[in-house]
Amino acid sequence: MRLSDAPILERGHIFNPSYVLVTAPSLLFDPTVKPLEGMADGSVLFVNSSKEVQIVQPKKVHTIYRDITELALKHIGRDILSAAMGAVACKLSGLISLQSLVDSVEEELAELGLAADLIEKNVQLAKECYSSVESISLRGLDYKPSHKVVEVQYMGERGIPDLLSMGNTILRKTGSWRVFTPIVDKNLCTACGICYIYCPEACISLDEQGYPVINYNNCKGCLVCTVECPRRAIKTERETIWS
Amino acid sequence: MSEKSDKNGEGDHMVLKMLTGSQAVAWAARLARAEYIPAYPITPQTEIIEILSEWVRKGEMEAIFVQMESEHSLLTAAGTAAATGARVFTATSSQGLLYGFEMLYSIAGWRAPLVLVNVARALAAPITLEPDHNDVLAARDSGFLQFHAESVQEALDFVLLAYRVAEDNRVLLPAIVNIDGFHLSFTRERVDLPEQSTVDEFLPEYKPVNPIRASEPVAKGIPVLIPPLYSFFKYQMHMASRNALNVFREAAKDFEKMFFRSYATVEEYMLDDADTVIVMSNSFAAVGKQAVNAMREEGRKVGLLRIRLFRPFPTDDIVKSLRGKKCVVVVDQNISIGKGGITCPEIAEALYHLEDRPKVILPVIAGLGGKSISLEEFRHAVRVAERLASLKAGPDGPLLLFREDEAMLVDSLLKIASGG
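Protein sequences, first through last, are from chains V and Z. Throughout the first sequence, residue numbering follows the numbering used here, covering 1 to 243 in sequence. Throughout the second sequence, residue numbering follows the numbering used here, covering 1 to 420 in sequence.
Possibly wrong hints are sitting among the right ones.
Once the Cα atoms are required to be at most 20 Å apart in a straight line, the calculated EDC-like pairs of lysine to aspartate or glutamate come out as [claimed, not checked]:
| # | chain 1 | residue 1 | chain 2 | residue 2 |
| --- | --- | --- | --- | --- |
| 1 | Z | Lys257 | Z | Asp168 |
| 2 | Z | Lys17 | V | Glu106 |
| 3 | V | Lys148 | Z | Asp405 |
| 4 | Z | Lys415 | V | Glu107 |
| 5 | Z | Lys17 | V | Asp30 |
To be clear, the hints were calculated from the coordinates, so they are not data collected in a lab.
Go ahead and model the full structure; you've got the sequences and the hints to work with.
This is the structure we're talking about:
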């Protein structure tokens with residue numbers, strides 16, 4: 001979204017954001033996301049989290065925590081956060097009125113073909129999120145990233161896009177994506193192995209007795225296992241903080 | 001199907017809307033009353049055809065929408081439908097454009113005007129979804145006219161202008177409108193959505209030349225095994241494309257009267273007193289302008305020239321803009337492997353014979369695969385060009401803009417990939 005009275009000449013990557021909204025606290029520590037990069041003194045960080053998170057941040061950043069997922073579960077019954085986070089951004093910036101927010105949530109979700117009752121639930125969610133934070137106006141943020149130009153060397157064989165280290169998925173800790181965690185109730189589990197077969201990410205292995213063991217480093221929380229378990233032995237718990 | 005209806009009417013005034021590039025070009029196709037839309041999905045083009053298929057399904061747009069089985073079929077269907085006299089709209093991207101590539105030359109050779117939106121995405125391998133212009137520029141020799149958009153508004157306006165120029169009897173060539181994937185296709189910007197009746201006035205009904213009709217057989221794109229005939233017909237296409245320069249200028253004048261936005265073949269940004277001029281095209285030119293602003297504040301006389309119409313190549317306007325300047329920095333967001341950027345030699349050729357040609361024309365490669373171009377990278381390119389000018393020396397190859405932080409990222413990923 002690009003809107004201003006003057007022409008906006010920034011495009012693509014935003015090197016020095018004034019407001020950063022993070023949908024899950026686990027993203028704060030994700031080395032491929034790096035949401036805090038380029039933030040200046042006095043900028044605003046919003047984290048969707050039920051708890052405060054220890055952040056190493058060299059800049060004086062105004063940080064706000066709210067549990068928007070809880071509100072989404074309350075209003076929609078699912079962790080769908082687009083209207084919620086949009087509402088927070090509108091309010092924080094102080095640029096968008098509640099009415100404009102409601103109008104655009106209704107318009108955009110109608111464009112997507114959503115049913116009227118689901119649109120109304122999103123509107124209620126957006127309204128509650130809007131009132132859950134205060135506007136923080138910013139002025140005179142000064143951040144000058146240092147971007148040194150370097151020469152690219154010819155790398156021979158290393159410069160060919162070949163992937164030699166197979167099985168490197170474990171390096172990407174996709175466990176941080178979970179909103180709900182599957183937990184096996186050993187009292188109910190019969191070691192039938194159905195969950196092991198169905199897990200689309202091969203994150204379930206079987207122990208010596210044949211009971212499932214979930215690899216929480218990489219389980220994305222898709223919950224296919226909880227649906228497929230014939231004994232309903234895999235419960236779910238909301239993930240509040242991932243470590 | 002040629003009968004005009006008021007279904008698309010939006011009242012008496014232009015409507016201001018926040019639209020993505022995808023929505024804007026879909027609206028342009030609708031306002032142009034495109035009658036036939038052959039489609040095949042590919043990221044990042046899919047949103048365009050999703051919108052159009054929905055409008056057609058709901059009866060909001062009077063057109064025939066057909067999902068084909070490939071881009072080769074898509075382009076064949078598009079070209080043949082245009083040859084029957086239908087107004088045709090379609091869209092693709094990257095690998096899709098290349099998959100249908102053979103038909104680009106055929107359609108242009110049939111002299112069948114239609115509008116194809118290319119949502120720029122860099123070519124595999126390696127695979128990416130982010131934009132550069134190797135896809136659209138691969139089609140530069142085909143005979144398609146090429147319009148390159150910087151903003152969502154331009155994306156919409158260029159589709160309308162493209163129909164007007166392509167269907168003009170002095171031209172009769174198909175056209176590509178290029179919009180950068182993500183940066184335009186999925187970005188909402190403020191757009192003046194034109195009113196239907198004004199578009200109808202700007203864009204009269206398409207009157208095909210020798211259309212294919214069931215009762216009146218016509219053979220299009222016939223075999224010519226006599227070499228002079230081939231040579232003759234190809235050069236006719238070239239002259240038709242050159243005609244498109246003035247046809248575009250005429251159309252742009254009418255467009256300005258009706259829609260209050262003016263378009264020249266090139267855009268000059270802070271050029272009047274500039275010593276050094278950055279040449280760019282498409283959406284990343286906005287970042288170039290931002291860099292010009294920053295360098296102006298530092299007291300450097302830098303400007304930017306943006307190419308809107310790439311085919312036909314607006315040689316005269318480029319000469320007017322660049323003659324007498326000290327340095328020209330051509331930022332190509334594409335790479336012809338083994339040579340360098342595609343635009344730079346075209347700019348250099350346009351300027352070569354002038355007495356007052358720039359002292360340095362620096363070929364720069366930047367923004368490949370959607371790589372960001374920071375202010376420091378622009379500054380670096382300008383410094384290199386100005387140093388060469390003071391040394392009375394020329395560049396010894398293209399300058400790749402690449403940063404230390406990016407080199408470190410590449411290094412760490414290469415380590416993972418090699419298991420080291």
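Status of the hints after comparison with the structure:
no.: 1; hint: Lys257/Z / Asp168/Z; result: 19 Å, holds
no.: 2; hint: Lys17/Z / Glu106/V; result: 15 Å, holds
no.: 3; hint: Lys148/V / Asp405/Z; result: 8 Å, holds
no.: 4; hint: Lys415/Z / Glu107/V; result: 47 Å, violated
no.: 5; hint: Lys17/Z / Asp30/V; result: 36 Å, violated
In summary, the numbered hints that this structure violates are 4, 5.
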